[in-house]
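Colleague: Residue numbers (our numbering), protein chains in the order written: chain R, 1 to 579; chain V, 580 to 821.
What the hints contain is simulated information worked out from the structure, not anything from laboratory work.
Built from N, CA and C at the ideal position, the CB exists for glycine as well.
Careful, some of the hints might be misleading.
What the hints assert, rightly or not - Label pairs and their calculated CB-CB ranges: (1) N606/V - I329/R: 32 to 40 Å; (2) I764/V - S320/R: 54 to 62 Å; (3) D29/R - W774/V: 29 to 37 Å.
Unchecked claim - To list a few chain R residues with every Cβ distance to chain V over 10 Å, as calculated: (4) L49; (5) G75; (6) S331; (7) I495.
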Amino acid sequence: MSTNTTAAAATGTREWRSRFPTVNYLNADYGIWSWLLTKDHKRIGLLYLISVSFFFAIGGAYAGAIRLELLTPMGDLMQSSTYNKVFTHHGIMMVFFFLIPAIPGVLGNFLIPLMIGAKDMAFPKINLLSWYIFMAGGLITFCALLFGGVDTGWTFYVPYSSNFSNTYVTLAGLGIFINGFSSILTGLNFIVTTHTMRAPGMTWFRLPLFVWSHYATALIMILGTPVIAITILLLALERLSHVGIFDPALGGDPVLFQHMFWFYSHPAVYIMILPSMAVISEVVATHTRKPIFGYSFVAFSSLAIAVFGFLVWGHHLFVSSQSVYAGMIFSMISFVVAIPSAVKVFNWTATMYKGSISYDTPMLYAFAFIGLFLIGGMTGLFLAALGFDIHVHDTYFVVAHFHYVMVGGTVMGYLGGLHNWWPKITGRMYPEGWARFAALVVFVGFNLTFFPQFLLGYMGMPRRYHAYPVGEPMWQVLHVMSTGGATVLGIGLLIPAVYFIWSMRYGRFAPANPWPGTGLEWRTPSPPPTENFLVTPVVTWEAYEYRPIEELQTIGPGEPDQPIDGQHPANRGTETEER
Amino acid sequence: MSTHAEAIEHGHGPEAAHEALAHHFDNLEQQREAGALGMWVFIAQEVMFFGGLFLAYLIYRMKYPTAFMAASNHLNWKIGTFNTAVLITSSLTMALAVWATQTGRSRKTQVGLMAATLLLGFIFLGVKAYEYNEKYVDGLIPIAGWFDPVGHNVHIPAGVTTGQYQMFFWLYFAMTGLHALHMIIGAGILLPIMWMAWRGRFSPEYHSPVENFGLYWHFVDIIWIFLFPLLYLLGAHFGKGH
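The shape of chain V in the complex, shown without the other chains (with noise of 0.2 Å):
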């Protein structure tokens, strides 16, 4: 081991010669698993993270099911299939720019990809705006002073509290704006793994930054897989509410 560290040190080593190495990694498979693991971890700490909110949706759909249903109705389950199509698109490009680096197809094919990815995430993030314009003018912004559906004629079932509406969109807008912050910082990091690319610092050997950013995007689109039915999709069945 000590004349592989030193070979390494001295520049003689295969891995040696990569800019990518970092000096406390031995070689890049190691710096690799490190980065994957690392990824993982973060993952699951995203998971509890998220995990509060569910629980707190899970716990109020069972007390109030018929108000959730029904505040459920004002949300367009079209626009919400469209928008997670767009997603798990996103997702799809995203998994083949992680191959293209994998296999070292040209830097433009990973780039493009990559690209891909994120235009179809800033399209996801338009329709969110608009679908949130859609509450404000609706009334449906849940904050004090500004819900006001009555006011906006949406009708409210019998036996509802207005409350028990504002509690929906409450947790509707923490859970899909949480969601859509996670997609902003996404692109954020995308950008400048494009820069890498268009570089030419991907190749078969070293490519981990691709990878795990390909984890967390997959990750993020999880949790609309989640959101989707939740928010969308239960309830929309058992009444109009329009």
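Here chain R stands alone, though its shape is the one from the complex (with noise of 0.2 Å):
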């Protein structure tokens, strides 16, 4: 705590960095291999950071080509066996190297130790190795996409993908399998480091709710993944021996597949929300400075989803042969699971409620993701509902569901993240007024691209189709604007992309606490040091001790959420003139 009396008394920026030791985890080591064999979680974060991004803008592109594509009514850019090979490409990419790993990949690897006061994660070799087992599956997966492609969809639904597609299915396969095994990784070490690192009088209902929310993702990653693993090895066999469990030649059933594919596939979609939930938690408590309102709800909710995600997995298979009570049952559990999404949703905006709201991007993101996954959160219900679900099968209506939880959902909650901890993470701010910019582009093209579909879909446009009737005028107008939309998407998250590298050299010096915030994260220098605190923290305080910004400008700066160089939130306006 001494370093935070000291930066007080600062009053410039670079005199405040000047007062703290100049080592952090970027420059204690230079060179290639203090990178690719480093054991610093903060390191593997950035490594995370870097992958990922390449994998989104792979998908991104396979997403531009299909919105090309929709642009006419003809399919007149590709086939349709190519289109089945673009939606495909997209798929994979999004799902399974972008929207799994790149909360917890990036966000979670680098702040978890940091949160609950550790100098690294419990097993800091195997956080290396989920690392280079992702990187091994998605290259896997990139060259089955490079030499030829794979036109099953994401789902690889049999009998189609074991007997019947001549694409490389089994590569791709392979890569997702070992990329798995990088997701299973991460969760061990999630789960083991949030036991038995905690700092002293860290205790769990003094946790953020960032650690609880990656806990929960965590016991999906675990107890999910292995499913997914072992269903995509059986049919990697199937393909192989050209016979195998879901054959019906030998009397194997193809549902069982889904059943399987889905036990896993549909806790996924939680793997993606829950770190995203963990990130806009942080947010809202940091930048309307209050606590959490109902902290060990917002807590166990996480666990909620977590437990009954598992259970619900029927709901993609109304109109698979599965008995219609079944159904009744799956649809059921279906609806519970929005009672603790609700509860996430009610206590994030009662904590706005009578808060000092800020307006900087992080919050902007969080405010997206709350409308976004309300509306994401509702078409679930709607979709939830067997009469409904039927009707609207494999239409747009589902595409446009599922975008807005993933792509409303999980992206706004990694930008959001990126933007808050950037400071942490780069030891620069990024420019405010261009990252604000950005934020309301990105929200404005994801809402004229995924909106439309909702209507498409309702009107019965189905899903994977590469051309559509040229007699119903109205779907031609629906789809240019969601080509349009997603043009405007593009720019939005091209613009971040420029500013976060432009301000790794010259964005300002960031403080250590910059918004500021109560977590232990804010209470190291950033960037921090490789061992991330200069002695080990003794936490004396309760998660989100937050006081309004008036008691801050009246009574001024203190313990424990005091702004570390010395301003005032309120009068940061003239930050991005300052280099």
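Could you use the hints to bring the two separately framed chains together as a complex?
Modeller: If you want it as structure tokens, here you go:
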């Protein structure tokens, strides 16, 4: 804590910077091998940042191709077989190599040890190994796409994928199988780290909600991922031996594949959304300067989502010969998942009530998340209803729904989290004005892309088709809107890519605690030293001990949420000009 | 706490001297706890991994009971029982190896018990290979084009299709194959642990690699305890296949 008091007296950021030790995790060591062989969780987080950005760009390029094809009713850009590959590649890349690893891999790895006051993850070598496994899986799958691709859809349904498809299903499956172990090892590390590495005084109910949510995510990673691994292994063996347990010729049941696939892949959407909720809990508390409303409810709602998430896979099989009674039960449990989800949304909203809300970029993404997740979640309830689901099954309504949850949920949380902790990660501020502008562009572009798809789906436009009837003029209007929105969204995503890279060299130096936040990660220099803390922290305060900004202004800086550079967040208007 | 941490940093603490303590742990106890919990979590994911196969087995066994009973009669329950005994004994020697490191027995005892575990593991795998060969001779390898029990004078009872027969052997090879793969990986992990034991690295203070490997080995053993009755015994009483 002595560092805080010295810093409070500092006036300028340059001066402030000179008061801290100049050696941090970024400049402690140089050279390519100091990165590729690092066991530092912060550097591994950055390795993940680079690799998921790469896979996101590939997945995004395929999304662009899809939207371009659907601009006109005729299939004039590509043939249907090419289109099958394009949407499959988009799905595989985005789901397995961006959405699932993005927040846990980048922000989870970087922040969990910092937030609990540990020097590193419990298993630093396994942490590095999980990145290598991720890269191996990603590159193998990428090779499968380059050699000629896969056309089964990211869901790999048998018997098409096992007995008929003449594409690189086995190789892509191998990549996803290998990638699964990366996810498992990450989850294992999160669980063990949370249990055994907490600093003195950091009790379970003093943990930031970020950690609770990642703990719930890790449970799904541990218990769900092995099931997709064995399923894909069985599929690959079936392709190689030309017979297998899903093969109707032996009396096997292809629907068993769907059960096993969705037993993982439905919980997998909670692997995507829970880390995003983790980010939003932190951002909302920090940027409204209030303790989270109903801490324990938010914490347990994460666990509840993880548990219920395992019991709803059957709602993907309403039209796949599943019994009506099973369908009714799965439908009911799917409605139940809405309860813990709603607890979170209500509690974030209640946290904002009478808070000192700042409109910094992370908070803008939090607003976007809450709004978009509301729409995504509510349409999820439409789809959980048996009758309505049969009407819109396999239409763009479903496509729009899960993009609202995955993009509107995960990507908003990921971007919000990146902005919130960018000062901690790089030691530099991003340009606030540009970032707010980009957040607006992303929000507008996103809604323009995906809202028309709800209408398209309700009108009957099926998913996974490269052409649609010319005789439905409204369909093309909506598709044009969607493609236009995708263009805006693409630009909105490029802007942060540019200014993040720019800020690493030219951004204003970040103080240790720019917002200011109360978590342990804000009580160590930006960027943190290799072992995170100069002395082992001892936690004597509850999570989110925030005071309203008015108190900060009248009483002045003091424990525990003082701005470390001596500036109030309200007075930080000129920051983009300062370099 | 900070004084404790400093003490370790400056090499004054009692644990600071221990070469096995990783830099990011405060003491060996914390390190041991993390390792043990990590192995239990890993085992939890293994249960789910094998769970997919057990699920498939259960579903098809309920669907085709006659075929599965008849097909299971092609497995030799006497050899299976022998192998089960071999594997349980290897678990015993492994448990003794853990005990030997915990109580600080001589490194010869430690390495000897681990070597016995390894040897028994290889005996198990050898017997398994013999059994696989028997299936090959009988034309029971469940690959398209190879599976030909009728051509090898294997009697298939009435009302059972060749496909259902093939399904049983597909599951048999997938389940026992995956189990054998886990044993091979286990043997690969045990070798460096034996080397460490030979170098005298383990003591009552530090023996978590042995302990955690023991957990893994027992887990692989337990998988077999479930596989053996499901594949070899269930149905053996109900009719003679040969």
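Colleague: Does each hint hold? Answer for all of them.
Modeller: Going through the hints against the structure:
1. N606/V - I329/R: 32 to 40 Å: 49 Å, violated
2. I764/V - S320/R: 54 to 62 Å: The hinted range 54 to 62 Å is violated for I764/V and S320/R, with Cβ atoms some 36 Å apart.
3. D29/R - W774/V: 29 to 37 Å: Holds, since D29/R and W774/V (Cβ atoms, about 30 Å apart) stay within the stated range.
4. L49: Label holds. Min Cβ-Cβ 22 Å, cutoff 10 Å.
5. G75: With a cut-off of 10 Å, G75/R remains clear of chain V, as the shortest Cβ separation is near 36 Å.
6. S331: Non-interface label stands for S331/R: nearest chain V Cβ at 22 Å, farther than 10 Å.
7. I495: For I495/R, whose nearest Cβ neighbour in chain V is about 38 Å away, the distance exceeds 10 Å, so it holds.
Hint check: violations occur at hints 1 and 2; the rest are consistent with the structure.
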